[in-house]
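S.K.: One letter stands for each residue in the lines below.
2 protein chains.
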Amino acid sequence: MSTDTQALQAEVDRLRLELKTFHVDAGVEKISIGNYLLTRLAQLDVTSMFGLPGDFNLGFLASPTQRIWSKTTPRSTGSEIADGYARIKEGSIGVLTTTFGVGELSAMNGIAGAFSEMVPVLHIVGVPNTVQQKTRPLLHHTLGDGRYDAYGKAASQFTICQQYLMDTQTAAEKIDHAITECITKVPNFLYHTCGGFAHFDPSRPVRSTSPFLPTSSIEEISSERLKIPLSHDIPFNQPEMEQAVVDLIYGRVKAANGDVVVIVDACVIRHSVRKEVDELLKVTGFPVYATPMGKTAVDESYFRYGGIYIGSLTPPDVKEKVENAKLILSIGSLGSDFNTGNFSWNIPKTRQIEFHSTYTEVNFARFDNIGMKHMLPKLSERLRDFYPPGHRLPVPAFIKQLPEENTPVISHLWFWPRVGYFFRPKDVIITETGTANFGILDVPLPSGAILLNQILWGSIGWSVGSTLGAALAAKDVGMERVILFVGDGSLQLSVQEISPMIRKGLKPIIFVLNNKGYSIERYIHGKYRRVPFVPPFGYNDVANWKWSSLLDTLNDGGKHSTASYTVDNKEELNELLDNEAFAAADNLQLVEVMMDALDAPQTLERQAELTGKGNAYAA
Amino acid sequence: MSTDTQALQAEVDRLRLELKTFHVDAGVEKISIGNYLLTRLAQLDVTSMFGLPGDFNLGFLASPTQRIWSKTTPRSTGSEIADGYARIKEGSIGVLTTTFGVGELSAMNGIAGAFSEMVPVLHIVGVPNTVQQKTRPLLHHTLGDGRYDAYGKAASQFTICQQYLMDTQTAAEKIDHAITECITKVPNFLYHTCGGFAHFDPSRPVRSTSPFLPTSSIEEISSERLKIPLSHDIPFNQPEMEQAVVDLIYGRVKAANGDVVVIVDACVIRHSVRKEVDELLKVTGFPVYATPMGKTAVDESYFRYGGIYIGSLTPPDVKEKVENAKLILSIGSLGSDFNTGNFSWNIPKTRQIEFHSTYTEVNFARFDNIGMKHMLPKLSERLRDFYPPGHRLPVPAFIKQLPEENTPVISHLWFWPRVGYFFRPKDVIITETGTANFGILDVPLPSGAILLNQILWGSIGWSVGSTLGAALAAKDVGMERVILFVGDGSLQLSVQEISPMIRKGLKPIIFVLNNKGYSIERYIHGKYRRVPFVPPFGYNDVANWKWSSLLDTLNDGGKHSTASYTVDNKEELNELLDNEAFAAADNLQLVEVMMDALDAPQTLERQAELTGKGNAYAA
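Chains as they are written, first to last, in full-length UniProt numbering: chain B, 1 to 619; chain W, 1 to 619.
The hints are simulated quantities; they were obtained by calculation from the structure and are not laboratory data.
On a predicted model such as this, the values are computed, not experimentally measured, just so you know.
Take these hints with a grain of salt, some might be off.
Restricting the straight-line Cα-Cα distance to at most 30 Å, the calculated cross-link-like pairs of lysine-lysine (DSSO-like) are [to be verified]: (1) W:K559 - B:K546; (2) W:K254 - W:K227; (3) W:K153 - B:K134; (4) B:K516 - W:K504; (5) W:K516 - B:K504; (6) W:K546 - B:K516; (7) B:K516 - W:K559; (8) B:K507 - W:K475; (9) W:K275 - B:K504; (10) B:K546 - W:K475.
Examples of chain B residues toward chain W, derived with CB under 10 Å [as the list claims (entries may be wrong)]: (11) A155; (12) Q157; (13) T340.
For each residue, glycine too, the CB sits at the ideal point set by N, CA and C.
Take the sequences, apply the hints, and build the full model.
M.R.: Right under this line is the structure:
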């Protein structure tokens, strides 16, 4: 059977089973609504969920969730932990549980970030019971004006589906619908923008869904539906149209005589088409490049991989190779400012084909509802004979040599290639918005390593919670070390999350780039604001914490083994990175890396200059 | 001239001046929009504003805001700092500046809290420039779908006024309108609820307003309007109707023959009628009681003050005195669950008169647009001859004796009266949601002391940011020590804010009640969840931090003097509180108070029992 036929057969089986439930009239097993939801999560292999206890979710938390429940520390990071978890655990989802008002609103920035970056997060909110929902008394955690729907209305801006569990008749169906929306990434609304280089996947696939869980929803319902697993399947493309598009692309590739490059971007990861892309690359031999958000979508050790394309900020040899190809296949692109060198892709539509989750664009022609997931395998099949011509195009070697510098100071120029040698296969590497996001770009990562970043949403502090979630998920999927690069300013925002990391026995290596403030902002807004800051202190400076005593302070009565290091110069960092015990990551380790406040990766310097101009401040 | 005439004259002057600006046609001084806004804030004596830098607000921050700008650490607490600042500085406002998306959404919980608790907070959001607002490119901090209005739509649920500064023609007017809304507490919408004992001030006065500040708004405008100060005046009552209501109330008081008690609540503080209430009390001699949210609305050392009335949770002697009075004057009430002993006020409408900001209710009769601010002085005048009969009613002495306990363990029963002896006039006392909010209730506070709590919104962690804001404001208004009581669980949520406290040389005393978790939640949801928690740990437990090393870790390179203490028993606490150097509060001090995980103030135990029942969990 072909893949399509298999999928269709599975769908038929599923529908038959679903129909069957309507005929069940006796011997139904009962289950509480809370446990129904938890069973669905277990079926998706959700092994942790996150959030804070609150009196409107205690009933739910007291159910068997205890097994998977992880308390977070600041309220605001629960959504970011769920986000990090979901990014690592493809096919599963991140789950966050909060309480009415105070909890759910605290999570809003992280929820909006998951929405923006298309990460599947399920937000479960414990709300007052169904009677109170109707009588709306002046309870704590309310706005004092009887509006019980205000939080949901606000959340609707950042979620594609909301379900209110108000009765036993519809609860199971609503839960299934919310989770299915979350895992199948069903398009919700279309919205086109028109400025700059804002081409992007307009389907705005799934982000976050919110079944609200009133405290009284421990009532029981039938468990019958649980026998039918929820489906991850997404709609097939219309076959004749899909065939026509494949033919059209084949013609373009043939006309280019194999002078074709591929650019992979964020949506390759988000829409789970890594395998389909790998197959295309394997059969064609086309050179492949990644955007910043697409980094590690393709294995960076792949011999036809040439590194990062980021418009005008691209290294010259790569830039020339990409922009001069006769045809560019752009897969899963997300054209945000920081992902495109401030909208500076220099690739005319006449030489570009775009593959998205819900449409395909061949030069100027748009084909709606022709999604890449189902089409890419057919295209690979069709292009199989392009292997030799596809190989003709040379690819610059993606390597990063350690520069010679005759100063002991740890510069960004030296630091990033140096840590590049430290990475291993199956590392999860997380970079914070700011210097780290840019510094990592031209460091080749080993086979099987995964990079997480949040380049579109760009909420500083995100990486810390995300590291906690990613570290929990990494254990489930066989990834090994988890390595975070975060600036001192960003870490201060969500530093508490290190405490549950310690408590749960997680062992990330946390590199704290101590440059005494927000270097990225110093770069964006005018050099004259960079140095000596006005007393009492400039707005881009932060307090100089004693990072070496942090782990000891946050440790749970000193129960867990941790280690802290401060490295002042290259020699100290070399020594630490070469230390096998350190590299083995057997306990949670924090490394404070002393850097100059005015140093930054070159790509960032140039990006910041462009952003500063865009913001149009007077100098 | 009477007060009314004076106010009218001032209004006439103001209108004349405003008219004059329409005739100015030459020699207009120019000012940037950012500086216009800052000048308005300076006119309101705003000496600090709060938030984090972000690339869409850097242009604004780089303007002379630097003088008043305070960077916060976690993004989520900026709004809570502004809230604390506004609570102390009556007549002024709290100001928060954030950046597009990531910043403003992070502040949403605190903004909603200020809305709920009716605290005037102005939220200034730096957004992409006016050209980008129209072309909507795929910038970082956007949702990736071109919706630039989503954040504003979400915020509209929690703010009474939003202004988008999009051009130079309307910017000044929009700024003035937003700030005026904020300071005059103009009713926005009416919404009636009907469940439980949900009587409350339905005018939902001002909370937060949001002028959005695009990065390009450094353009210049006329400074002419700045000559007219913004008016705090609220509408007068219709004179004949007001007179009729005063007469009616006079009749009721006369019928009660002076057997009258007064209950003051939150809105006495929020609507600035403390002076008017004091005058009423002075001329009548009526006994007065406060609700939890009304505590310190009336000086607690006042000889006719009898303590806290909280429905069925009230101490028996107070309960009897309040509920048996022939007439109860309820001023500025806010009938939320935790403020009323779970809606257990036992006062029939036939014996109650309610005074609110925008209406008055005499038994069952409602008089719209008769607000207490203007009516109370007239009522006091009318009731002047009630002084002797008003004095007849005895008031139980509001004292709290230290109980004899033959254990060294610091119990809540002992702790709260003990710290009562430590308080001084002009202390600002801040209590966190949870045990502290309840423990403080029956401790009499000295003359001129102010208590801050957040009983309606109840967002744990609020008190920490609020302490930072309150401490800055306290310096401006001549208040002295700032004393925070916070549980270890709550402090972990927003602990970073201690860092800017240290950096700014603020000297609060922070009592950390270390009970190893969320005791309030343990009480709300069933005793069996209180002790030995399931491994790896129960959801109401928190990590046991090394509190004694916290200040050292967060200190800015050890530049500032701080002190940390851990007190394990009564003797150690006594010794510390009696230490004059400690009591002088000359540096920032943190006191970890070791308490039993299952101990709580009695009022909390009983409230939690009621809330647990309301939530209707299966036991």
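S.K.: Now tell me, hint by hint, if it's right for this structure.
M.R.: Structure-based check of each hint:
1. W:K559 - B:K546: Holds, at roughly 11 Å.
2. W:K254 - W:K227: violated (49 Å)
3. W:K153 - B:K134: Satisfied, since the Cα-Cα distance of roughly 25 Å is no more than 30 Å.
4. B:K516 - W:K504: holds (17 Å)
5. W:K516 - B:K504: holds (17 Å)
6. W:K546 - B:K516: It holds: about 25 Å lies between the C-alpha atoms, which stays within 30 Å.
7. B:K516 - W:K559: holds (15 Å)
8. B:K507 - W:K475: violated (45 Å)
9. W:K275 - B:K504: violated (54 Å)
10. B:K546 - W:K475: holds (29 Å)
11. A155: Where the cut-off is 10 Å and the nearest Cβ of chain W is about 8 Å from B:A155, the hint holds.
12. Q157: holds (4 Å)
13. T340: Holds, because the Cβ-Cβ distance from B:T340 to chain W comes to roughly 8 Å (cut-off 10 Å).
Going down the numbered hints, you'll see the structure goes against 2, 8, 9, while the others check out.
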